[in-house]
Amino acid sequence: MAGRTDEQHRIALFIDFENLVTNTGISANNFDLQPALDQLLEQGKVVFRRAYCNWSRFEDAKQRLHDVGVELVDVPPSTRAGKNSADMRLVIDALELCYAREQIDTFVIASGDSDFCPLAYKLRENGRTVIGLAVREASSQMFVRACDQFIYMKPKHRGESSHKDKDHGGRGSKSDEGKGGKRGGKGHDKGHDAKGGKEASESKGGKGKAEVPAVAREVVQSLLRRATGPLNPSLVKETIVRKEPDFDERDHGFSTFARLLEALEQEGLLRRIQQGRQGYIVGPDSDFGAPARETKGGKGRHAKAPAPVEEEEEELESYPDPDDEGL
1 MAGRTDEQHR
11 IALFIDFENL
21 VTNTGISANN
31 FDLQPALDQL
41 LEQGKVVFRR
51 AYCNWSRFED
61 AKQRLHDVGV
71 ELVDVPPSTR
81 AGKNSADMRL
91 VIDALELCYA
101 REQIDTFVIA
111 SGDSDFCPLA
121 YKLRENGRTV
131 IGLAVREASS
141 QMFVRACDQF
151 IYMKPKHRGE
161 SSHKDKDHGG
171 RGSKSDEGKG
181 GKRGGKGHDK
191 GHDAKGGKEA
201 SESKGGKGKA
211 EVPAVAREVV
221 QSLLRRATGP
231 LNPSLVKETI
241 VRKEPDFDER
251 DHGFSTFARL
261 LEALEQEGLL
271 RRIQQGRQGY
281 IVGPDSDFGA
291 PARETKGGKG
301 RHAKAPAPVE
311 EEEEELESYP
321 DPDDEGL
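Per full-length UniProt numbering, the sequence shown starts with residue 1, numbered consecutively.
Do not rely on the hints blindly, as some may be mistaken.
Said to hold, decoys possible - Here are the simulated DSS-like pairs of lysine-lysine, each with C-alpha atoms no more than 25 Å apart in a straight line: (1) Lys-62 <-> Lys-45; (2) Lys-122 <-> Lys-62; (3) Lys-62 <-> Lys-209; (4) Lys-243 <-> Lys-154; (5) Lys-45 <-> Lys-209; (6) Lys-45 <-> Lys-122; (7) Lys-154 <-> Lys-45; (8) Lys-209 <-> Lys-122; (9) Lys-122 <-> Lys-154; (10) Lys-45 <-> Lys-237.
As the list claims (entries may be wrong) - Distance windows between CB atoms, simulated: (11) Lys-122 <-> Lys-209: 34 to 44 Å; (12) Met-88 <-> Arg-57: 12 to 22 Å; (13) Glu-42 <-> Arg-101: 17 to 27 Å; (14) Lys-209 <-> Gln-63: 38 to 48 Å; (15) Arg-145 <-> Gln-221: 38 to 48 Å; (16) Arg-259 <-> Asp-67: 18 to 28 Å; (17) Gly-276 <-> Glu-96: 42 to 52 Å; (18) Ser-27 <-> Pro-76: 17 to 27 Å; (19) Pro-76 <-> Glu-42: 33 to 43 Å; (20) Lys-209 <-> Glu-238: 25 to 35 Å.
Worth flagging that the hints you see were computed from the coordinates, not collected in a lab. From the three backbone atoms N, C-alpha and C, an ideal C-beta is built for every residue, glycine too.
Using the sequences and the hints, build the whole thing.
Structure representation (structure tokens):
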């Protein structure tokens, strides 16, 4: 997805619904697609939304999906094919859309089934970005690696659904919990007050201390070694995701990617600078730019740059006055 602005992305979402609610901790009556949609909407417009299933088995989920604009494709049971008939319909529709609508550049396959690997390969072969979406415990690593990016859905804990549905109508707070980056994911937004700090540590499943993943160090060092100028942080994130499609900084204890870069800066692997309104990263010993906001404690070696201006006034040629030449 590098090289395009977020507004240019046109996203098609294909949902293998039965796969998402079978032995995943998510049931039809507590299925909530909104958190995942929020993450997708950060990357572009979701212009196509379709879910495949034998809907007579999952009546409880139909209204929830209608509320977020998902078209329901009913696939009646077959005596021989069974669930595979829904998979085939999904694959056929995805390929047809790929060839018919060139403006759609991103395909999201909501399933953890490795049977969709050939579809992912074919879509990528045709220049499309493929994003997988499923529950971590029910996702095939083969399919994860076949995607450009992978987003994990998080099943609710016992008692969580009823409590939040009563207070927020079943949508608002669930969106804040499932979405990660900008709304704080995994309870990080609660950590700013005394009461929320405890809840934040519990929501991370006992992860007390944030730890920088090895892949982040490797990518940062490699990119900075070859860089000829300041690097955009989004390039670093995209490179990490290409190496590990299911990478999520929240899994390592960081509420945002900027927090991860801050930790890398504290380790001395990079330096963050500000140019206008945009932040960049450079090598720790690089002379690219000067930190716009970090003038603390004498990081002022870049302030010496204006000194050589005086050299222009040192050697000025003098010419004789015509009146002094004896005329």
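Inset, instruction - Given the hint of 17 to 27 Å, check if Ser-27 and Pro-76 actually sit that far apart at their C-beta atoms. - result: Holds: the Cβ-Cβ distance is about 22 Å, inside 17 to 27 Å.
Legend entry - Pairwise beta carbon distance, Lys-209 to Gln-63, judged against the given window 38 to 48 Å: Holds: the Cβ-Cβ distance is about 42 Å, inside 38 to 48 Å.
Legend entry - Distance restraint hint 42 to 52 Å, applied to the beta-carbon atoms of Gly-276 and Glu-96: Given range 42 to 52 Å: holds, Cβ gap about 44 Å.
Inset, instruction - May I ask you to test the hint 34 to 44 Å on the CB atoms belonging to Lys-122 and Lys-209? - result: holds (42 Å)
Legend entry - C-beta pair Glu-42, Arg-101: status relative to the range 17 to 27 Å that was hinted: At 22 Å between Cβs, range holds.
Inset, instruction - Starting from the hint 33 to 43 Å, judge whether the C-beta atoms of Pro-76 and Glu-42 obey it. - result: Holds, at about 36 Å.
Legend entry - Hint consistency between Lys-45 and Lys-209 [alpha-carbon to alpha-carbon, up to 25 Å]: Given pair Lys-45, Lys-209 is violated - Cα atoms ~35 Å apart, limit 25 Å.
Legend entry - 25 Å limit on alpha-carbon distance, applied to hinted pair Lys-122 and Lys-154: At roughly 28 Å apart (the allowed maximum being 25 Å), Lys-154 and Lys-122 break the hint.
Inset, instruction - Given the range 25 to 35 Å, decide if the beta-carbon distance of Lys-209 to Glu-238 lies inside it. - result: The hinted range 25 to 35 Å holds for Lys-209 and Glu-238, with Cβ atoms some 27 Å apart.
Inset, instruction - Hint says 38 to 48 Å; check whether the CB-CB distance for Arg-145 and Gln-221 agrees. - result: violated (23 Å)
Legend entry - Pair hint outcome, Lys-243 versus Lys-154 [Cα-Cα no greater than 25 Å]: holds (22 Å)
Legend entry - 25 Å limit on alpha-carbon distance, applied to hinted pair Lys-62 and Lys-45: holds (22 Å)
The earlier numbered hints that this structure contradicts are 2, 3, 5, 8, 9, 15, 16.
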